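Number of protein chains: 2
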Amino acid sequence: MKGLNFKIIASFLGLTSMMNGFFMLLSEPFSWYYHETASTGILSAGLLTISVGFLLWFFNRNAPKDIHKRDGYLIVTLGWLMLTLTGSLPYLMTGTITSFPDAIFETISGYSTTGASILTDIESVPKGVLFWRSATHWIGGMGIIVLTVAILPLLGIGGMQLFVAEAPGPSTDKLHPRITQTAKRLWLIYFSFTFIEFLLLKIAGMTWFDAINHAMATLSTGGFSTKNASVAYWNDNPFVQYIIIGFMFVAGANFVLSYFALKGKVSKIFNDDEFKYYFLLTVFVTISITVLIVWFQDPALQTTIHHPMPYGALESGFRHAAFQVVSVLTTTGFVSADFTMWNYLATALMFSLFFIGGSAGSTSGGVKVVRHVIMIKNSMLELKKQLHPKAIISVRYNGSRVSRVIIFNILSFFVIYMLIFILSTVVLTFLGLDFLSAFSASASCLGNVGPALGSLSPVNNFAHLTDGAKLFCSFLMLIGRLELFTVLIVLTPYFWKSN
Amino acid sequence: MKGLNFKIIASFLGLTSMMNGFFMLLSEPFSWYYHETASTGILSAGLLTISVGFLLWFFNRNAPKDIHKRDGYLIVTLGWLMLTLTGSLPYLMTGTITSFPDAIFETISGYSTTGASILTDIESVPKGVLFWRSATHWIGGMGIIVLTVAILPLLGIGGMQLFVAEAPGPSTDKLHPRITQTAKRLWLIYFSFTFIEFLLLKIAGMTWFDAINHAMATLSTGGFSTKNASVAYWNDNPFVQYIIIGFMFVAGANFVLSYFALKGKVSKIFNDDEFKYYFLLTVFVTISITVLIVWFQDPALQTTIHHPMPYGALESGFRHAAFQVVSVLTTTGFVSADFTMWNYLATALMFSLFFIGGSAGSTSGGVKVVRHVIMIKNSMLELKKQLHPKAIISVRYNGSRVSRVIIFNILSFFVIYMLIFILSTVVLTFLGLDFLSAFSASASCLGNVGPALGSLSPVNNFAHLTDGAKLFCSFLMLIGRLELFTVLIVLTPYFWKSN
Ligand SMILES: [K+]
Ligand SMILES: [K+]
Chain A
40 MKGLNFKIIA
50 SFLGLTSMMN
60 GFFMLLSEPF
70 SWYYHETAST
80 GILSAGLLTI
90 SVGFLLWFFN
100 RNAPKDIHKR
110 DGYLIVTLGW
120 LMLTLTGSLP
130 YLMTGTITSF
140 PDAIFETISG
150 YSTTGASILT
160 DIESVPKGVL
170 FWRSATHWIG
180 GMGIIVLTVA
190 ILPLLGIGGM
200 QLFVAEAPGP
210 STDKLHPRIT
220 QTAKRLWLIY
230 FSFTFIEFLL
240 LKIAGMTWFD
250 AINHAMATLS
260 TGGFSTKNAS
270 VAYWNDNPFV
280 QYIIIGFMFV
290 AGANFVLSYF
300 ALKGKVSKIF
310 NDDEFKYYFL
320 LTVFVTISIT
330 VLIVWFQDPA
340 LQTTIHHPMP
350 YGALESGFRH
360 AAFQVVSVLT
370 TTGFVSADFT
380 MWNYLATALM
390 FSLFFIGGSA
400 GSTSGGVKVV
410 RHVIMIKNSM
420 LELKKQLHPK
430 AIISVRYNGS
440 RVSRVIIFNI
450 LSFFVIYMLI
460 FILSTVVLTF
470 LGLDFLSAFS
480 ASASCLGNVG
490 PALGSLSPVN
500 NFAHLTDGAK
510 LFCSFLMLIG
520 RLELFTVLIV
530 LTPYFWKSN
Chain B
40 MKGLNFKIIA
50 SFLGLTSMMN
60 GFFMLLSEPF
70 SWYYHETAST
80 GILSAGLLTI
90 SVGFLLWFFN
100 RNAPKDIHKR
110 DGYLIVTLGW
120 LMLTLTGSLP
130 YLMTGTITSF
140 PDAIFETISG
150 YSTTGASILT
160 DIESVPKGVL
170 FWRSATHWIG
180 GMGIIVLTVA
190 ILPLLGIGGM
200 QLFVAEAPGP
210 STDKLHPRIT
220 QTAKRLWLIY
230 FSFTFIEFLL
240 LKIAGMTWFD
250 AINHAMATLS
260 TGGFSTKNAS
270 VAYWNDNPFV
280 QYIIIGFMFV
290 AGANFVLSYF
300 ALKGKVSKIF
310 NDDEFKYYFL
320 LTVFVTISIT
330 VLIVWFQDPA
340 LQTTIHHPMP
350 YGALESGFRH
360 AAFQVVSVLT
370 TTGFVSADFT
380 MWNYLATALM
390 FSLFFIGGSA
400 GSTSGGVKVV
410 RHVIMIKNSM
420 LELKKQLHPK
430 AIISVRYNGS
440 RVSRVIIFNI
450 LSFFVIYMLI
460 FILSTVVLTF
470 LGLDFLSAFS
480 ASASCLGNVG
490 PALGSLSPVN
500 NFAHLTDGAK
510 LFCSFLMLIG
520 RLELFTVLIV
530 LTPYFWKSN
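Quick note, the sequences are listed as chains A and B, same order.
Just so we're on the same page, this note's numbering is the position in the first sequence counted from 1, plus 39.
Just so we're on the same page, this note's numbering is the position in the second sequence counted from 1, plus 39.
By construction, these hints were calculated from the structure, which means they are not laboratory data.
Since this is a predicted model, take the numbers as computed values, not measurements.
Heads up, some of the hints might be wrong.
No copy is singled out in the list; a pair is fine if it fits within one copy or between any two copies.
[Stated by the list, open to error] Here are the simulated EDC-like pairs of lysine to aspartate or glutamate, each with C-alpha atoms no more than 20 Å apart in a straight line:
(1) Lys416 with Glu67
(2) Lys266 with Glu75
(3) Lys241 with Asp110
(4) Lys423 with Asp110
(5) Lys429 with Asp110
(6) Lys108 with Glu421
(7) Lys307 with Asp473
(8) Lys307 with Asp249
(9) Lys46 with Asp110
(10) Lys266 with Asp506
(11) Lys266 with Asp249
(12) Lys315 with Asp110
(13) Lys536 with Glu421
(14) Lys424 with Asp110
(15) Lys307 with Glu75
(16) Lys108 with Asp275
(17) Lys266 with Glu162
(18) Lys429 with Asp312
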């Protein structure tokens, strides 16, 4: 095994920082426009980040260009850490957040598109910092697209090679420093959807500032809002909420399918196994929860969120059911109602969605629908195999045979996911959380959902956690976002042995 | 595929019923001794069961002797249902339990060695019926031994072929109606341990009736007690509790190891990978919880159980920690203290044990230590493989290479286990449970533990459940006990297609 190419890793970290600093400077005009004193802090953070990035890149720009797998893992893991360290500067240098663990938590929650927050009064945060906060989501979403489409399949992590088999653009079996054509096309779709949602939200009645922030937080399935009440702030404006429901659903679907749809190949969408189940699951759970909250809401459970019903109880029930289901299933985490206050069945249904997640090739987190589809098909097959041990039968996905290696990868992924979930519950109670909050926070952070249950329910936030719990949750958000293996592998002794 | 051999299945069900009726008649002397009116009901139940069994056997005694795999599944599944239907008669015919769902729940809880109860005042139940209740545990334990050692490995379920590779006695690759030599040897050990524990408990101060019942409920890892307070009734008698801790630990270890130990090959025990982890886990969690409850118990959480401290707080803390840890890890479910009242970390630690379970080849339920060992070893290996894709490395267990097929079986088992756990939580909230009780009951019933959390904590019982929830829990206990596949396979369309 060759040694690590530290120079090229450093040059990548430099480029990443420069890009990050550029987005900080984009936040600057918002601060100027609102005459905020925070503008100095944001400008300093941006210039500092760009400078550090430039120096890192400049002194390593002549690095040998050969990148091996191990360099790839380090680039991804260290890249996210570099984003986090520099990305926390706008919070710290404007005084918006003064504690270091708090800043780390909020920053990783942003980039990982989790959207859990330690801020208790979001509306008092300077607009420039709020824009930066939404920008971390949007950058994170870009990072996930390149990771999922260009890097994870090459590394063969958790069966990801399967789901992007049809991805457009050049396919290569070498890890290549150039961001592939595929990623660029998907970024264009990501950008266009964000822009269209922004326009629609503005037309529906949001301010342009709220519209741009919510559009960025939707397409990245992030979930940071500019309002303390999240999207419940617009409970008197159903159009705003239906627009967000629609774009959350799109953000939770495979971007490769959106690419085909835009090319006119709409049939590709409905022939896609994962999309079919994603769609049916959304419809089924939405209808179930509509019925539950319209006719069976537990009167003992009172919500603190105001719910005007401009079009009656049925529309309101359907809208809030659809909003929460799509928000949690796509792991966006926007809130229009407190689902923990409906009834126990609704809570259990919503919590089970924490473990599903959106589609592969989207910006959503969690286990992903396709992995569940394959796991369930494989389970049925295992039962069949008990009866016909010699029959040659295999799991089929989108019309093709799925290899045993990929199924093995997927099963291993889920097993590790659940073991980390159970172990993290124990760790979080050790770090001071009560049991219900601990195990739901563990599932929520690992799946990059955002809200949890108990003291971390949709109307609460993560401010009351101990510093240790905040840092551990940050770690969970990071490994969840990077599909576990990318980070875990760097933490094994094997990784460092040959250096 | 050949048709099912219904005649031989019926003759097995007949033999099972006769054996069951024989144990009912064994309960009869206890009722006579205490001059109970229940004696008529028990006698009638016993005679009825024996008669039904005799008729079933008599008219099918000349059945063709060839048994195929599919017959095997049906014999196991229907055998347990037959036990349940006849086994509920002593409750119903003595009037101890009057509702049919209640009787089914208590009976399946007995045979599955779960030990969850719908009885609210155990001490008012006639002694003959109490003995019968403990006998269902003991019969269930016998069933599990034959299932694990003689049947599951042949059916290749969940990697069970691996753990009994060293089992003594003739090994055959054909499903054979004769109960193997192996099972007989292990039954002898099971019986001897029960008898020794009975003697020790009597010496330590239990009445002979309590001693025999607790011995049967210990070796089967069942957990039914004759006292409302369970083993907390003997909180002033540490010897009784240490004896039970010791035998619970033995009951949760592989009986094949006990066989070798009795043959003088003690080194086999400490060379066994599963035993090592089982032992270390017990010690580690016991010490952690001792520290927690002696020095960090949350004063806000008050327990209703009386805790005299005859040898001081440290001994008492250690004893209750060890008791609860061994009781939950081995899925026995006896109670000397309410672990949900210690603190949140202790609750989380104890709850995570729900998913581990004892050793394969024991009477304990749950996922089993060995599956976790293999899953964790495989996860480490998957990480290693990412770095060395071409290296030929494989999971090793007890010094040998574990085949990919077995690992695949184990991963599939765990995935199905967790999916059923999550789905059952939703179903149980639908059937009226609150969220915390639902998801803990789901884990407890599936793992055959007994106590759960919330309204089903160790000081509560399952009486308040709706009939639907009781029947669903019964189903969970049954499929958990039969290692999922045995029952699930009978529920697939594949199973019935060729008939
Ligand atoms: K999110
Ligand atoms: K039990």
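Taking 20 Å as the upper bound on the Cα-Cα distance, should lysine 307 and glutamate 75 be classified as within, between, both, or neither?
neither (49 Å within a copy, 74 Å between copies)
Homo-oligomer pair classification [aspartate 110, lysine 241; C-alpha up to 20 Å]
For lysine 241 and aspartate 110, neither the intra-copy (43 Å) nor the inter-copy (67 Å) Cα distance is at most 20 Å.
How do lysine 429 and aspartate 110 come out at 20 Å by Cα distance, when the copy is not named: within, between, both, or neither?
between (43 Å within a copy, 18 Å between copies)
Given a CA cutoff of 20 Å, do lysine 315 and aspartate 110 count as a within-copy pair, a between-copy pair, both, or neither?
Cα proximity of lysine 315 and aspartate 110: none, with 37 Å in one copy and 37 Å across.
Is the C-alpha distance from lysine 423 to aspartate 110 at most 20 Å within one copy, between copies, in both cases, or in neither?
Between copies only: 15 Å across, 42 Å inside.
Is it within, between, both or neither when you check lysine 307 against aspartate 249 at 20 Å Cα-Cα?
neither (34 Å within a copy, 68 Å between copies)
Measure nothing new, just compare the shortest in-copy and cross-copy C-alpha distances for lysine 266 and glutamate 162 to 20 Å and report within, between, both or neither.
within (6 Å within a copy, 59 Å between copies)
If the cutoff is 20 Å on CA atoms, where do lysine 108 and glutamate 421 land: within, between, both or neither? Let me know, please.
between (34 Å within a copy, 15 Å between copies)
Lysine 266 and aspartate 506: within-copy, between-copy, both or neither at 20 Å Cα:
neither (25 Å within a copy, 45 Å between copies)
Under a CA distance limit of 20 Å, which applies to lysine 46 and aspartate 110: within one copy, between copies, both, or neither?
within (10 Å within a copy, 65 Å between copies)
Check lysine 108 against aspartate 275 for me: Cα-Cα at most 20 Å, and say if that holds within a copy, between copies, both or neither.
Answer is neither: 51 Å inside a copy and 62 Å across each miss the 20 Å cutoff.
Measure nothing new, just compare the shortest in-copy and cross-copy C-alpha distances for lysine 424 and aspartate 110 to 20 Å and report within, between, both or neither.
between (41 Å within a copy, 16 Å between copies)
In the structure shown, a violation is registered for the earlier hints numbered 1, 3, 7, 8, 10, 12, 15, 16 and 18, in ascending order.
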